[in-house]
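Visitor: These protein sequence lines map, in sequence, to chains A and B. By my numbering, the letter at position 249 of the first sequence is numbered 388, and the numbering carries on one by one without gaps. By my numbering, the letter at position 139 of the second sequence is numbered 222, and the numbering carries on one by one without gaps.
Bear in mind the hints are in silico, worked out from the structure with no lab data behind them. The model shown is predicted, which means the values in this text are computed figures rather than measured ones. Among the hints, erroneous ones may be present.
[As the list claims (entries may be wrong)] Not close to chain B: a few residues of chain A, all C-beta gaps over 10 Å, as computed:
no., residue
1, Gly-172
2, Arg-214
3, Leu-249
4, Lys-259
5, His-298
6, Ala-311
7, Ser-340
8, Pro-362
9, Leu-380
10, Lys-384
11, Phe-467
12, Val-494
[As the list claims (entries may be wrong)] Here are the simulated DSS-like pairs of lysine-lysine, each with C-alpha atoms no more than 27 Å apart in a straight line:
no., chain 1, residue 1, chain 2, residue 2
13, A, Lys-227, A, Lys-160
14, A, Lys-355, A, Lys-415
15, A, Lys-415, A, Lys-329
16, A, Lys-240, A, Lys-202
17, A, Lys-259, A, Lys-240
18, A, Lys-260, A, Lys-202
19, A, Lys-449, B, Lys-237
20, A, Lys-355, B, Lys-147
21, A, Lys-355, A, Lys-449
22, A, Lys-449, B, Lys-191
23, A, Lys-160, A, Lys-224
24, A, Lys-227, A, Lys-415
25, A, Lys-355, A, Lys-384
26, A, Lys-449, B, Lys-196
27, B, Lys-237, B, Lys-147
28, A, Lys-160, B, Lys-237
29, B, Lys-237, A, Lys-384
30, A, Lys-160, B, Lys-147
31, A, Lys-170, A, Lys-355
32, A, Lys-449, A, Lys-329
33, A, Lys-415, A, Lys-160
34, A, Lys-355, B, Lys-237
Glycine included, each C-beta is placed from N, C-alpha and C at the ideal position.
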Amino acid sequence: MLQRIYINNFRCLENFELTLKDIPSALLIGKNGVGKSAISYVLQVFQSVGRGINRVNQLIEPKDFSRGRSDVPIRFEIEVFLKYKLYKYILAFDLTEESTKIRVFEEQLLVAGNPIYSRKKAQINLEYISQNHEAQFSVDWYLVALPIMQEISQNDPLHIFRTWLDHMIILAPIPSLMTGESNQETLEPKRNASNIGEWLSGLLGRYPAAYREIDKYLREIMPDFEDFRNEIIGKNSKNLLVQFKVNDAYLNIDFEDLSDGEKCFFLCGVVLAATKFYELPLFCFWDEPDNYLSISEVGHFIVSLRRSFKNSGQILVTSHNSEAIQKFSDENTFFLDRKNHLEPTLIRPLSQISVSGDLINSLICGYIEL
Amino acid sequence: MNRYIDHIFVLPEDDANRQIANGFINDSNIIRRVIQVLSPAGGWTHVMDIFTKNHVKEMRKFDKQILVLLIDFDGRQDRLNNIRVQIPSELIDRVFILGVQSNPEQLKTSTHKSFEAIGEALAQDCSENNNQLWQHPLLIHNQPELERMTQSVKPFLFRQTS
Numbered sequence: 140m141l142q143r144i145y146i147n148n149f150r151c152l153e154n155f156e157l158t159l160k161d162i163p164s165a166l167l168i169g170k171n172g173v174g175k176s177a178i179s180y181v182l183q184v185f186q187s188v189g190r191g192i193n194r195v196n197q198l199i200e201p202k203d204f205s206r207g208r209s210d211v212p213i214r215f216e217i218e219v220f221l222k223y224k225l226y227k228y229i230l231a232f233d234l235t236e237e238s239t240k241i242r243v244f245e246e247q248l249l250v251a252g253n254p255i256y257s258r259k260k261a262q263i264n265l266e267y268i269s270q271n272h273e274a275q276f277s278v279d280w281y282l283v284a285l286p287i288m289q290e291i292s293q294n295d296p297l298h299i300f301r302t303w304l305d306h307m308i309i310l311a312p313i314p315s316l317m318t319g320e321s322n323q324e325t326l327e328p329k330r331n332a333s334n335i336g337e338w339l340s341g342l343l344g345r346y347p348a349a350y351r352e353i354d355k356y357l358r359e360i361m362p363d364f365e366d367f368r369n370e371i372i373g374k375n376s377k378n379l380l381v382q383f384k385v386n387d388a389y390l391n392i393d394f395e396d397l398s399d400g401e402k403c404f405f406l407c408g409v410v411l412a413a414t415k416f417y418e419l420p421l422f423c424f425w426d427e428p429d430n431y432l433s434i435s436e437v438g439h440f441i442v443s444l445r446r447s448f449k450n451s452g453q454i455l456v457t458s459h460n461s462e463a464i465q466k467f468s469d470e471n472t473f474f475l476d477r478k479n480h481l482e483p484t485l486i487r488p489l490s491q492i493s494v495s496g497d498l499i500n501s502l503i504c505g506y507i508e509l
Numbered sequence: 084m085n086r087y088i089d090h091i092f093v094l095p096e097d098d099a100n101r102q103i104a105n106g107f108i109n110d111s112n113i114i115r116r117v118i119q120v121l122s123p124a125g126g127w128t129h130v131m132d133i134f135t136k137n138h139v140k141e142m143r144k145f146d147k148q149i150l151v152l153l154i155d156f157d158g159r160q161d162r163l164n165n166i167r168v169q170i171p172s173e174l175i176d177r178v179f180i181l182g183v184q185s186n187p188e189q190l191k192t193s194t195h196k197s198f199e200a201i202g203e204a205l206a207q208d209c210s211e212n213n214n215q216l217w218q219h220p221l222l223i224h225n226q227p228e229l230e231r232m233t234q235s236v237k238p239f240l241f242r243q244t245s
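Work out the full structure, taking the sequences as your base and the hints as a guide.
Guide: Here it is as structure tokens:
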């Protein structure tokens, strides 16, 4: 479970800390431009590192430095509780006049307070090799080291942490890009969910019983839903077909032709199945999950997600939708605010903010300020 | 929500009651999609206004609909009856009135739980038939209404546990 994320000098996030200890589902609210999505881009940096992307220029751009302040490093820290141990990973980037390109300034992975490795600029100290001897080597300043560190077994903390990062789900779906076609299998959904067909294939290939979960969820929402199948349409190519049934009449629809909201139901079903079957607790960030849904469905959709992550994993969502916001409570709703574009974002849980009267009206009227 | 099968709408008086209801519906033993929490009414008198204006007609039309009015009793023993007399007789079997004897803030202070955690504990009590938190001095007055409600909603609201 993600316990803490710290961000400094990244876009509007300066000395910014989000603490999610013992909170399986949380909501970020606040006006446009306060940095809710910026948090997801930081999480995406960690996810990319977990997925093996280690070239700094594929992770961070010069414009990401807060107000162009490149003389201060961008610093990310993430603390995650996995398999009874606290993992802390620190990653900092700098951009100096001499280097002209962004490079790794600092990197460190600690498990239960003990460093696995630490790095200052190019110099890496491997601290778990031996209690008495440290191993040192150098890496390219423009590469993040975590993806290239050698792991010994599946119980190796490096493997556990990288797998957790890799399996993070960060979603801001664009239904028009979700076609249902697939050319491969993956457990790595894209941010816009355009590879849902490949993710579904990967999930069902690895965990066939996941079909049951998705099927059960979709039947609850769409009583005429009958089944779905991945039809082979060419060499290594598949296309997702969804079948509906009313009395004895059947209707097959290409996934691509489902409505935007129906595609999101499908995506939700896959997320719910993933929470149940992935080996490590799943972390999911979903930017505005209420998008594309009818108002009567928003509440059920959010409650389904919250309940699914209650016993395993963690979900962080953003929303501007009153129905979605009302499905969270004061201790798991975080309000973000900033005075103007030149000042950094502040964050506080609603439980620490005095809101008089109705929350939604206070948000509409802009009464809440930090 | 399928209006032709048993379902429950919860109409909370205020934001605190809404959060208690949120905790209740997040319990994993509750069947998905048969219960929905509505926006807070903004006071118990508004609960009755909304009930009368928005729900009476619909409840007459859809006989599978149940409504839970979640109010603060504000220490008033006559509150339950004051509300009950406003409910049309043909709907009385499907409308239930529950709430904290004073207000949810006092229950929160007394139990050292968040509103959501209170709701979760109440759902768990119902699911496990132990009524621990329901026996709290600020909630015990709900017992007759709770028993009436349990008979009516338990068969479709909670997963059957062996």
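Visitor: Looking at the structure, which of the earlier hints fail to hold?
Guide: 8, 11, 12, 28, 29, 30 and 31
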